[in-house]
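Chemist: Here are the chains, one letter per residue:
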Amino acid sequence: MKIKSPKDFWSGLMFVASGLFFAIWAITHYQMGTAVRMGPAYFPTMLGGLMVVLGLMILASGLAMQGPKVPPFRFRPLLMISLGLVLYGYLMKPLGLVGATAALVYVGALGGHEFRWKEVTILYVILILFSWLVFVKGLSLPFPLWPAAYS
Amino acid sequence: MEVFANLWMGFGVAFTLQNLFYAFVGCILGTLIGVLPGIGPVATIAMLLPITFNLNPLSALIMLAGIYYGAQYGGSTTAILVNIPGESSSVVTCLDGYQMARQGRAGPALAIAALGSFFAGCVATLIIAVAAPPLAEVALKFGPSEYFSLMVFGLIAATVLAHGSLIKAIAMVVWGLLFGIIGTDVNSGVLRFTFDIPELSDGIGFVIVAMGMFGATEIIMNLEQGEHREIFATKVKNLWLTMEDFKAAWPAVLRGTALGSCLGILPGGGALLASFGAYTVEKKVSKNPERFGKGAIQGVAGPESANNAGAQTSFIPMLTLGIPGNAVMALMIGALMIQGIAPGPQVMNEKPQLFWGLIASMWIGNLMLVVLNLPLIGMWVKLLTVPYRYLFPSILVFMAIGVYSLSNNPFDVLIMAVFGILGYVCAKLECEPAPMILGFILGPLMEENLRRAMLLSRGDPTVFFTKPISAAFMIASLILLVVVALPAIRKKREEAFAEETK
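So the sequences go chain by chain: A and B. Position in the first sequence (first residue = 1) + 2 = this note's numbering. Position in the second sequence (first residue = 1) + 695 = this note's numbering.
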């Protein structure tokens, strides 16, 4: 067996795995019920099964027909953007808007093509001012501005 | 005429200072993100959704709607001047619009795009006003089996009209449905797929999913590609159309408006499909099709009218049935739900001011857009010179604030990042995120209606085919599937979408 169309093959595999997961988890953890009175497992099991069938069809076509390669993954932007967002969320309470935005802007900017300290810092200051004016002052969202230790 | 009385009332509510202000804000924002490539209406509306909680429902909807059709105007500006489609629905405008600009006719191209859009917007507003009430009337009689079949039809139509592989699109819909039912099961109170994480017991907010898969993914994909933009026409002179231009363009505007209005109503339709359809039609009916791609004014007038008409008529299924035809409409439904309004046919009767006010505001918004766009074109073009390395951290900050403010919970931001990564993987594997979002929003609704229908029919699944309206939806879905699976049509469909990827 040779993978002729990697895009189809891998996406098929992704669908099969995910469908199987949902269906098996539903069957083993929740009640099935009957068609008249559907239990919590009924709908997800149906959908999971359907997804496995669809995934197998895509997988099969990935083996049968010639198709394009999966373009290479570039991990830097992917990692930096995701990490920046997660940091923002988890640093908001301990470090306040000032700290969380710093983490997001600097880490996020590392995912770009070029990183210039001066530019990013100016951008950071502008974004902090904007966030503070619009969201904290304007829309009165309950964000702490400064790290928790200082306020 | 009841329609006019209703519209009159709508104008009454829309013409308050506050609502005019929000229509203006929406139009400005829409044009802005329409001009800027790399951020679309879906991500913007998702970002602003938490903020709309503080507004009254009408102002919130007016602003969000303004963003959607404002983006259609803004997108065409960059398509014509810089050959970059700011929005995906302006891709075809690049073909002839940019050529016109290169021949020194950027002015007429921009003028016809704006005027065509305005005309289409006016017509589409009227169509909504006339068509929506009877549709809602019919929809009020729908039972659970009709609703279930309608949703099946909607989802299938959405996948047929989406580009890329059909089976992949259906698989994405199913995946979306599954993600949608994460959380507490309303019937039994059982926590499904929550893995003992308390935050998941209410389900995943679809704003978070939409922002991850459209916002974060978009940024990551943009950063992978290099940054190169050149601006061709910095000075736009002479915005007036000659008599000749006008004569050539007006039939195209009419055809584009008609086609766009029809395609917009279809689930999965909306602005994108409308513009592609209109370009193909213009090329077909033209006496000299060889002029297309070399600066034919019809190639700008048709698609630009169509995408605006489609953007507006896609509100019809959302307003009358409570069913979103595309991702933007899914977000609009989310905006209604944030306000505690259950979307569906009853909205028109229970909240006539909301309904007619929104429709009236569309017309006002369109007028604002013409005024905003034509004289201020120089300013919008200047915006394009802002490098992406300033833009993307700003977008990131707005996304993060938006999601965090939903419930002040870092977990939401984490989920957004997870869906951003998932969206990235899907993009690499050529799986479209839009069908997944539709499935995601319809998941709980579909399960609920399936359960009720089966309970009423005592477990007999043929009920979906024996009730006439339900059967009609089911048969229509089957026909759609069969038709698209036929090799000849599949080839045509691939050709139609191939033009986009060029």
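Everything labelled a hint here was simulated from the structure, so no lab data went into it. Among these hints, one or two may not hold up.
[Unchecked claim] Partial list, derived from the structure: chain A residues whose beta carbon lies under 10 Å from chain B:
| no. | residue |
| --- | --- |
| 1 | Ile-5 |
| 2 | Asp-10 |
| 3 | Ser-13 |
| 4 | Ser-20 |
| 5 | Gly-21 |
| 6 | Gly-35 |
| 7 | Met-59 |
| 8 | Arg-78 |
| 9 | Lys-95 |
| 10 | Gly-98 |
| 11 | Val-100 |
| 12 | Gly-101 |
| 13 | Val-127 |
| 14 | Ile-130 |
| 15 | Ser-142 |
| 16 | Trp-148 |
What you are looking at is a predicted structure, and each value in this text was computed from that prediction instead of being measured. Ideal placement from N, C-alpha and C gives every residue a C-beta, glycine not left out.
Chemist: In ascending order, which of the hints set out earlier in this document are inconsistent with the structure?
Modeler: Going through the list in order, the structure violates hints 1, 10, 11, 12, 13, 16 and respects the others.
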